[in-house]
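> Spelled out from the first residue to the last, the chains are:
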Amino acid sequence: MIVYTLKRLGLAALVAITVSIISFMLIRLSGDPAIALAGENATSEQIEFIRIQYGFDRPLVIQYLDWAHRALQADFGESPYFQQPVTRIIGDRIGVTLKLGVMSLIFAVAVSIPMGVLASIRPNTWIDRIALSISVMGQAMPSFWFGLIMIIVLGVWLRLLPISGTDSFAHYIMPTIALGYYGIPAFMRLTRSGMLEVLSSDHIRTARAKGLRWGKVLFKHALRNAIIPVVALAAVQLGFMLGGSIVIESVFALHGIGYLAWESIGRRDLPVVQAIVLLLSMIFVALTLLSDIINAFLDPRIRVK
Amino acid sequence: MKSVLEVKSLYVDLPLPAGMLHAVRNVSFHVNQGETVSLVGESGCGKSMTALAVMNLLPRKGVRRAEVLSFEGRDLMKIDDSKMADIRGNKMAMIFQEPMTSLDPCYTIGNQLEEAILQHRKVSTAEARDRAVFLLEKVGITAAESRLKQYPHQLSGGLRQRVMIAMGLMCGPSLIIADEPTTALDVTIQAQILSLLASLQQEFEMGLILITHDLGVVSRTADRLAVMYCGEVVETGTTEEVFDNPIHPYTRGLMDCIPVPGKTKPGEKLGSIPGMVPTPIGELTGCSFRNRCPSASPDCARTETRLIEISPGRAYRCLLSPEACAVEWNRA
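Line order of the protein sequences matches chains A and B.
Take 1 as the starting number for the first sequence in the numbering used here and just add one per residue.
Take 1001 as the starting number for the second sequence in the numbering used here and just add one per residue.
The reader is advised that the hints may include incorrect statements.
Claimed, not checked - Here are the simulated DSBU-like pairs of lysine-lysine, each with C-alpha atoms no more than 35 Å apart in a straight line:
hint, chain 1, residue 1, chain 2, residue 2
1, A, K220, B, K1061
2, A, K220, B, K1149
3, B, K1149, A, K305
4, B, K1138, A, K216
5, A, K305, B, K1138
6, B, K1083, A, K216
7, B, K1002, B, K1078
8, B, K1122, A, K220
9, A, K216, B, K1091
10, A, K220, B, K1078
11, B, K1078, A, K216
12, B, K1149, A, K7
13, B, K1061, A, K216
14, A, K220, B, K1083
15, A, K216, B, K1269
16, A, K216, B, K1122
17, A, K220, B, K1138
18, B, K1008, A, K216
19, B, K1091, A, K220
20, B, K1138, B, K1122
The set of hints was computed from the structure by calculation and includes no laboratory data.
Here chain A stands alone, though its shape is the one from the complex (with noise of 0.2 Å):
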């Protein structure tokens, strides 16, 4: 289990240094950077003064690994819209964009796993279809139009929740359905088709022989072994629903980390967005890494040699 942890953390590591150079990399190749701070009426001496003084005359290499030393110890720099840290700006929203992807997170699981445990226990019936039709419909719905609908209907027409801001958790409540929906068809398919295959499996068989309640059989023996791909995907989908965020926050003007991406993005505020970008991609190796782990743990054949 130790040699196990240790790999993955090695990859993880690998992976994370890739992705930064990939995200230092991605702003530099979307224009110059010098030409879009100093702003649309800039002379050229002025351009070049803060190709300067922001350093971006010097080589590549330099400038990464200099930009990867202070992300290292949390300096992103300063932005230049704010005229403030990076990191305080993000610090002040993160805690946002963090409560709607685990709230989003607990709701899709919450949902789709009984859904997917109802479908898979009574297949190819009007239960089934239920789920399946559920599933689909997130499959193919935009979660940005699927947010709007819930607008108008829960809070222009019905007045039953608030449409924006952070001020409660009513406010949480119609992002959470809106971000959380596009985590259901993967986990309601995945326990569903999981719980199929095992539940005609052996060893479901040998506990039913050995006189097994259909309660013990179907959550100790099915459940388990079904579940063990969906909690894989779960951390890794988190990080999708961060990054899903982006949007649903827009709609909802929650002022979190995926607002301020899509405001800054507007402004130019590169470091911000190289921030932000950053930190989403580590977030989501650090979860991959994690269901990687919760995997060993659950599964005694990667657990135990």
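For chain A, the structure is supplied; the task is to place chain B on it using the hints.
Only chain B this time, still in chain A's reference frame:
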């Protein structure tokens, strides 16, 4: 002798896209205490379905009906699912063909063994563990105590099958159903597992239903046997009677397929039965073996065959008399 299981006119039907599969048709047999009864036949002849019907573990949509299906005097056709679950793993245990996949990969051997007795008896986990260790030693597993903490993937196929046997014995059942318990194992392990089953059966005075396609296994272990073909019993009797004097052309064909030391000459070709087992789907008429039978006549397609009893417990299913069967067989 006390009868443990009594099966009379058992039918199993499975709806398939191609039509109704009559997997088991009019099968009758009984098992006494301490006795081994073997169900013999090719793959798909309904022997496993017979066992699953007795355990009430048929696949979803599988339907069973029987004139009599009684276990220790209780009518299994009448009791509800939870009462049946009380019998399963408790009084009646089953060992499956695939030891590699028959254990749950997520739990330790100990957990899965203990679970079997905790379900049916009011015992502490410590007592359950002691029982598990006792039985693991009984089935010839060394270092039983430490095995309890191991997971199925850490054991070989032979060991896993031993664990399955120990699991079946946890509650001290009066009937064990072993469905091809050695088919998936190496030949050297097969003999060990069979003699283990036989000795445990003697020791605990259990009834044993041994399902197999291997006549060698039958001759060594079974007291009585029923040869099945296409969902029906085509011949039944004591092992001695059937091996010494097979009547049905199918039984004779099976016997011809095995080499006999001292009798089969080197280089001599072993017998084989031409053709394939028909799938019993839809309406069935006549003898199901007629297409592969060397003694078939036009009558075989029209007339229903019945199991004809020639002495108590000795029966065969053919239109011809035993003598005529023998004559026809030797001619062919």
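> Flag every earlier hint the structure violates by its number, smallest first.
Number 15 only.
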